[in-house]
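K.L.:
Make the full structure from the sequences, and use the hints.
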Amino acid sequence: MGAYVIRRILLMVPTLFGIMVLNFVIANAAPGGPVEQILAQLQGTAVSATARVSGGSGEISGSSGGSSAGRYRGAQGLDPQLVKDLEHQFGFDKPPSERFVLMMKHYLAFDFGESFFRSRSVMQLILDRLPVSISLGLWTTLLMYFISIPLGIAKAVRDGSRFDVWTSTAVIIGTAIPSFLFAILLIVLFAGGSYLQWFPLRGLVSDNWAQLDTLHKVTDYFWHLALPVLSLTIGSFASLTLLTKNSFLDQINQQYVLTARAKGLSEARVLYRHVFRNAMLIVISGIPSALIGILFTGALLIEVIFSIDGLGLLGFQATVQRDYPVMFGTLYMFTLLGLVIKLIEDLTYVLVDPRIDFERR
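In my numbering, the protein residues as written are 222 to 582.
Think of the hints as simulated: they come from the structure by calculation, not from any bench.
Here the structure is a predicted model, which means the values were calculated and not measured.
Errors might be hidden in some of the hints.
No farther apart than 30 Å at their CA atoms in a straight line, the calculated lysine-lysine pairs in the DSSO-like style are these [as the list claims (entries may be wrong)]: (1) 326 x 305; (2) 315 x 326; (3) 326 x 563; (4) 315 x 305.
P.N.:
In structure tokens, the structure reads:
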């Protein structure tokens, strides 16, 4: 097993490199880089734009090269030297290949530089937002499994019954509604949109959270977390419920189940002592991939809708602002974390069922 883990770790290097190259090329080709945005602001409110430039740091970037003022649409009427100074400050006076090599060299040491527009290091921004995204993903995953596994088992035991038909209808409806649309519906119904105002609309804690005692801090945290987690759960539990049902149905029809029933074992003992252990293999081992899906895809829009300061909202804001150090820093961390979690998923298969041997394969 050790050789397999080493091979997977070595495979992460070209995978991570390829993803970074592809996104760097796309960022180079996309218009509206930070220099262009600053120039556009200089044409309007020079004081505000200059203040934003002063906080920039330009060692790591992802825009196209060149230093001619004529390249930028917003440079007409401005001093060409100012454009050159902006390019130098953001690091765009170097060729793209040199910028990419310099960026990856720093990233190997987890040095992501400083944000162009936030006057803070990218690593500090990531560390501040990472616990928020992890807590959102973990609670969503726990709630999703807490609902899906019992429901899937009940559907398998009652396969073809009226209960199975009605719950399948609810599961299909849950699959058809995207998480962000369900989040908007919850806001309209329960967050002061048009009807009730039972839950807060923004953030993960209240403004006076630091002044609260421990019990009220916990209550306030879950009060803010209720709608975002429920939105993510609705969009994710359907496939896991069907997976659990199909896995149990497959095991219920196996020969060892018929043998256990013939020996006179109770249905509960057959189901939860024999079937459960084998059927839960694929369900339990899917926890890492489920967490990846929630963190990297589903949580983005939910964080934006509920104004939760997680990595998803940070990456979204960085993309809008063309804050390339934050964009590439979060991409690097997301990709690396995703590759590590996929390796953990494979190791989970072996822990749940020692008969699986990736080394031999």
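K.L.:
All the hints need checking, so say for each whether the structure fits it.
P.N.:
Outcome of the hint check:
no. : hint      : result
1   : 326 x 305 : holds, 25 Å
2   : 315 x 326 : holds, 15 Å
3   : 326 x 563 : holds, 25 Å
4   : 315 x 305 : holds, 11 Å
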